[in-house]
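*Asks:* Okay, here's what each chain looks like letter by letter:
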Amino acid sequence: MTPRSSLRPLDVIIRIAIVGLTLGTAYIHSTLGGLLFTLNATGYVVAALAIVIPLGLAIRFRWFIRLGLMGYAATAIIAWAITGPYYTTAYIAKAIEVALITLLAIDFARMDGNPINVIKSELGLLSSKLGRRPATGQAGA
Amino acid sequence: MKRFLLTFGLVAVAAISAACSTAAAQPAPSGPVDPNGPTIVAKDMAFAPATVEIAAGKNVTIHFDNQDSAPHNVAIYKDASASEKISVGEIVSSKKVDQVVPALAAGTYFFRCDVHTNMTGSIVVK
Numbered sequence: 004m005t006p007r008s009s010l011r012p013l014d015v016i017i018r019i020a021i022v023g024l025t026l027g028t029a030y031i032h033s034t035l036g037g038l039l040f041t042l043n044a045t046g047y048v049v050a051a052l053a054i055v056i057p058l059g060l061a062i063r064f065r066w067f068i069r070l071g072l073m074g075y076a077a078t079a080i081i082a083w084a085i086t087g088p089y090y091t092t093a094y095i096a097k098a099i100e101v102a103l104i105t106l107l108a109i110d111f112a113r114m115d116g117n118p119i120n121v122i123k124s125e126l127g128l129l130s131s132k133l134g135r136r137p138a139t140g141q142a143g144a
Numbered sequence: 129m130k131r132f133l134l135t136f137g138l139v140a141v142a143a144i145s146a147a148c149s150t151a152a153a154q155p156a157p158s159g160p161v162d163p164n165g166p167t168i169v170a171k172d173m174a175f176a177p178a179t180v181e182i183a184a185g186k187n188v189t190i191h192f193d194n195q196d197s198a199p200h201n202v203a204i205y206k207d208a209s210a211s212e213k214i215s216v217g218e219i220v221s222s223k224k225v226d227q228v229v230p231a232l233a234a235g236t237y238f239f240r241c242d243v244h245t246n247m248t249g250s251i252v253v254k
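These protein sequence lines map, in sequence, to chains A and B. With the working numbering as the guide, the letters of the first sequence map in order to residues 4 to 144. With the working numbering as the guide, the letters of the second sequence map in order to residues 129 to 254.
Okay, chain B solo, but in the shape it has when bound:
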């Protein structure tokens, strides 16, 4: 029985440790930041607009307005595989937050809510 309890305990500790070790902090972008970035609204479990445009080569502030009581964030990745993080915003409920996105090269980037990964959108950098 002790072995049974120990096994469950070790699995739980390992799972929590693995989760903690993957939560890495992002470096703050250096240089001036354009405060007039687009606003992304989360409402009824969807982003609006689902596609936003920002200027290439400039740090920009994205304004995120979560109108749902459910928690959401704007997590920007290089592409839909979500393997390469660019900017991961704070997870909030019924709240507005600003998020500084580092200067990006021209192209189309993927964003999603990290809590509800079916909530997705695109950032077009021109």
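Bound conformation, chain A alone:
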């Protein structure tokens, strides 16, 4: 599947939902106090911005932002599963993060295709650039 840059109405809806969920979990973490939670909330806000900002560099590497945010949310879930605490607000935050990962995966599939192929393509592009050989590369919006 070739990555595409044009957005269909469903893509816009998914992107809005991703931003909403990201800001939602950012807000929950910002209310928890302490440096770790504040940094976590800041990370989510930056990611929410990066997922929609219409800058060339962000558009070019949107695939990486999607994967990065999925990894970030997955890390938060796993860390919480190991250390807790297990109470209502935490369950809500984790449910949001699970939904966020799901939507990001759907967005990735719609915009970029198979992540393995995207990573292979990007690595090929990088090695071409390092070897000063001409290459073509594409990325989704």
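Rather than coming from a laboratory, the hints here were simulated on the basis of the structure. Beta carbons are placed, not taken as given, at the ideal position from N, Cα and C, and that holds for glycine.
Derived contacts from chain A toward chain B, CB cut-off under 7 angstroms, selection only:
1) Leu35
2) Gly36
3) Gly37
4) Pro88
5) Tyr90
Given chain A's structure and the hints, the job is docking chain B onto it.
*Replies:* Then chain B, alone, in the frame of chain A:
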């Protein structure tokens, strides 16, 4: 792509399941409870006092006053490794709650906020 989505889904479900399975309920202490236990205040991300005393061999009510908007609780463990729970209080924000601590043998016990594990204190049982 389906495998990619399935993997993420399974990891998330496994993580949530693991978390749910470790949240065990504590048995209520039997016998009379001394209602005049110490008050522990949480303010500015710290406990005050950081060390409290209670009587040995008696169930006692600890009064927890969380003055922060951030959520805190008083979770009492046998020692600082926090591997053996004794009494884990409700996590609350800007609220006072009472917590019944079961009768303990003389010694020094460790307590912390389970949300902010750098907030710690000691309970001296005499």
